[in-house]
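> Sequence:
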Amino acid sequence: MASVIIPTYNGEQFLAKALTSVAEQEERDLECIIVDDGSTDSTIQIANAFADKIPIVLRRLERTGNWALNSNLALAHATGEYACFLHQDDFWLTNRLQTIRD
Numbered sequence: 006m007a008s009v010i011i012p013t014y015n016g017e018q019f020l021a022k023a024l025t026s027v028a029e030q031e032e033r034d035l036e037c038i039i040v041d042d043g044s045t046d047s048t049i050q051i052a053n054a055f056a057d058k059i060p061i062v063l064r065r066l067e068r069t070g071n072w073a074l075n076s077n078l079a080l081a082h083a084t085g086e087y088a089c090f091l092h093q094d095d096f097w098l099t100n101r102l103q104t105i106r107d
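Counting in this note's numbering, the sequence shown runs from 6 upward without gaps.
Note that these hints are calculated values from the structure, not bench results.
Bear in mind that the values here come from a model prediction, so they are computed numbers and not experimental data.
Watch out, some of these pointers could steer you wrong.
[Said to hold, decoys possible] Quick list of the computed label-pair ranges, beta carbon to beta carbon:
hint: 1; residue 1: R106; residue 2: L80; range: 36 to 42 Å
hint: 2; residue 1: D46; residue 2: A73; range: 17 to 23 Å
hint: 3; residue 1: G70; residue 2: T104; range: 32 to 38 Å
hint: 4; residue 1: T69; residue 2: Q103; range: 29 to 35 Å
Each residue gets a CB set at the ideal place from its N, CA and C atoms; glycine is no exception.
Please model the complete structure; the sequences and the hints are all you need to start from.
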């Protein structure tokens, strides 16, 4: 299994595209761990909207302003054999997970 680590903060402009790129992976054995840094926009609603497409674990924090700390927190909760980082304003190409596993 792969653990996809996504730190977020006010990512409503980009997060749906990032999560869509995960949902479209042919590799289905994954979990998506999102650690939100106190967003005040619709980031949480967007993340929750993908819960029926991919397994999502959502952790909400008070604002720290430290994406590295939040990434490490998500990594500590990861249960996959592999951990992959995906920032809220990035996306994956098709078959990325399969490619890195091969």
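> All hints are to be evaluated individually against the structure, with a verdict given for each.
Each hint tested on the structure:
no.: 1; hint: R106 - L80: 36 to 42 Å; in the structure: violated, 18 Å
no.: 2; hint: D46 - A73: 17 to 23 Å; in the structure: holds, 22 Å
no.: 3; hint: G70 - T104: 32 to 38 Å; in the structure: holds, 33 Å
no.: 4; hint: T69 - Q103: 29 to 35 Å; in the structure: holds, 34 Å
Checked against the numbered hints given earlier, the structure breaks only hint 1 and satisfies all the rest.
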